[in-house]
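Novice: Residues per chain are reported as follows:
2 protein chains.
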Amino acid sequence: MTRRGPQAVPDLVARARAGEAAAVARLITLVEDASPLLREVMAALNPHTGHAHVLGVTGPPGVGKSTSTNALVAGMRRAGKRVGVLAIDPSSPFSGGALLGDRVRMGDHALDKDVYIRSMGARGHLGGLAWSTPQAVRVLDAAGCDVVVVETVGVGQSEVEVAGLADTTLVLLAPGMGDGIQAAKAGILEVGDLYVVNKADREGAERTRRELRTMLSLGERNEGAWRPPVLMTVASTGEGIDGLLGEVDRHAAWLEQAGELARRRTLRARREVEAIALAALRERWSGTDGGDDLVEVLAARVAAGETDPYAAADRLLDRGGD
Amino acid sequence: MTRRGPQAVPDLVARARAGEAAAVARLITLVEDASPLLREVMAALNPHTGHAHVLGVTGPPGVGKSTSTNALVAGMRRAGKRVGVLAIDPSSPFSGGALLGDRVRMGDHALDKDVYIRSMGARGHLGGLAWSTPQAVRVLDAAGCDVVVVETVGVGQSEVEVAGLADTTLVLLAPGMGDGIQAAKAGILEVGDLYVVNKADREGAERTRRELRTMLSLGERNEGAWRPPVLMTVASTGEGIDGLLGEVDRHAAWLEQAGELARRRTLRARREVEAIALAALRERWSGTDGGDDLVEVLAARVAAGETDPYAAADRLLDRGGD
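So the protein lines, in turn, are chains A and B.
The opening residue of the first sequence carries number 0 in numbering that gives the first Met the number 0; numbering runs sequentially from there.
The opening residue of the second sequence carries number 0 in numbering that gives the first Met the number 0; numbering runs sequentially from there.
Just chain A, same shape as in the assembly (with noise of 0.2 angstroms):
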């Protein structure tokens, strides 16, 4: 419905360059609406990006996730870094959005000018979470955010996802989550870059350190690898912070010196142009773009045994080379 705003592209993208807010949040507004001028956007942020360092933060519920990122920026702030943060909440896909406002998560950085805070959901439509939120982090990078921090609820394939797309990426657990085949069936020992013990006040938080430790160490590195840090906080606080945003630039030099930024942003990119590339398909399988809905058709036949799933898609892939 607000697809054509009152503003050229040309226009808005001058104007999220020099920072001003609500320019970066219709252009992430576009993002969340698959708006066609994207491409446009796009084309126009892309001189402008590669700039910003991408922090992502993951773990399971109720670790502490928002008053980390909360405590993050703070440090971030103190250095005088201009920080953008996406929340990314992918368990609601059919609402399109967190239940609480972004003001309420990050109520400490509500007013500060040189932080944008955007909630996300994914919306179910198009690629999903994989497609927007690079576009998200592009315009953040482009608007001139030293750091975009990408926060992710929930457990599982998110973490993973999360990973994909961030330079760092931060796992968060707190003492008493449950035993270490819980943490390694979570997927959560792969993707971490640093590893952080929240709550480190609670009981057993020494426990979960010592735990955690034992298995990053079974996994084999090779000689210059990463060794992922496990650090301890007490995000409410304060109280490590510091500490963590210190292993944060030591990870990010580390990346540059490696030649891992440059893989890890391929591999980012590769994503972002797959997603983009995919959905473009799908609207042009679903008749989204003015055709008749082919998938659907074949759907039915599949669902009535009339045929089988290869043959259809078969069918749809003769229309992708249209």
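Only true hints are included.
Covered stretches of chain B (in silico footprint by chain A; criterion: 3 or more residues with CB under 8 angstroms from a CB of chain A, positions within the stretch not fixed):
hint: 1; stretch: 43-52
hint: 2; stretch: 267-274
hint: 3; stretch: 292-298
A few chain A residues that don't get close to chain B, going by computed Cβ distances all over 10 angstroms:
hint: 4; residue: Pro228
hint: 5; residue: Arg249
hint: 6; residue: Trp253
Computed from the model, here is a short list of chain A residues facing chain B with C-beta under 10 angstroms:
hint: 7; residue: Gln134
hint: 8; residue: Trp284
hint: 9; residue: Ala310
Keep in mind that the hints were calculated from the coordinates and are not lab data.
No residue lacks a Cβ here, since even glycine has one placed at the ideal position from N, Cα and C.
Given the coordinates of chain A, assemble chain B onto it according to the supplied hints.
Specialist: Quick look at chain B alone, frame taken from chain A:
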């Protein structure tokens, strides 16, 4: 490495249809390996599918999903039904499987020849679970299962996915899992056909049921729509399981009567066909089918700021049309 087995596909399919567990297992392995033989397998299975009722079982970690599945399977077996169980673990995309063996998870039924049990991880390759799960369901369906139970670990996205491929989705909760907002955030209020408060012998069970009922009653429903009941079980003792199975049957009858079964199965087929087509395109784009890795070339250019992701996607789509 075991892409070509000793048996030809028609023989394997015939043996799976005759209920031979080893043949069923082999076919699901072909799905997990994304074998090129699947095209032939699915064409052969297709006429024999559509019989099984697909029951999705989901809920946050710790609510007793495996215990509940175990108890449900026991009840179905008492009713003389053949049962297939797919335990999906999307949290382990890299290692490709659950840490606990199938026998440990489902100890009671490990030796029952009318129960097929299989754990599947999201191997990350191709379309992941959206690609593999429906095909594994198809194998169990064709093998004569009356019910296929798809158990999914996790919160968030994975619940939505299991809802997408089940005829009936069962959402499990337990007392004291956190307040209502948490439940709403997890998206579970939108996906369940049946809700179960498991561990109902624990303190707070009645309150959890009341809260759940209140929240469910807030959603608008048309006349004739299914109203999700909220049941109480103690899966470890079997308490409430027969009542739950009765509700599953009642929902199955409603699906037929309301025309909803065909709608859901068409939606499921739609996702399956799309996932197969997208996986084929990914192979084409990345050169897995013998060409060069065009995505990698384009991704490197995007990461270097030389081109924008939409322009890169256009290039991919050109190849899609080869």
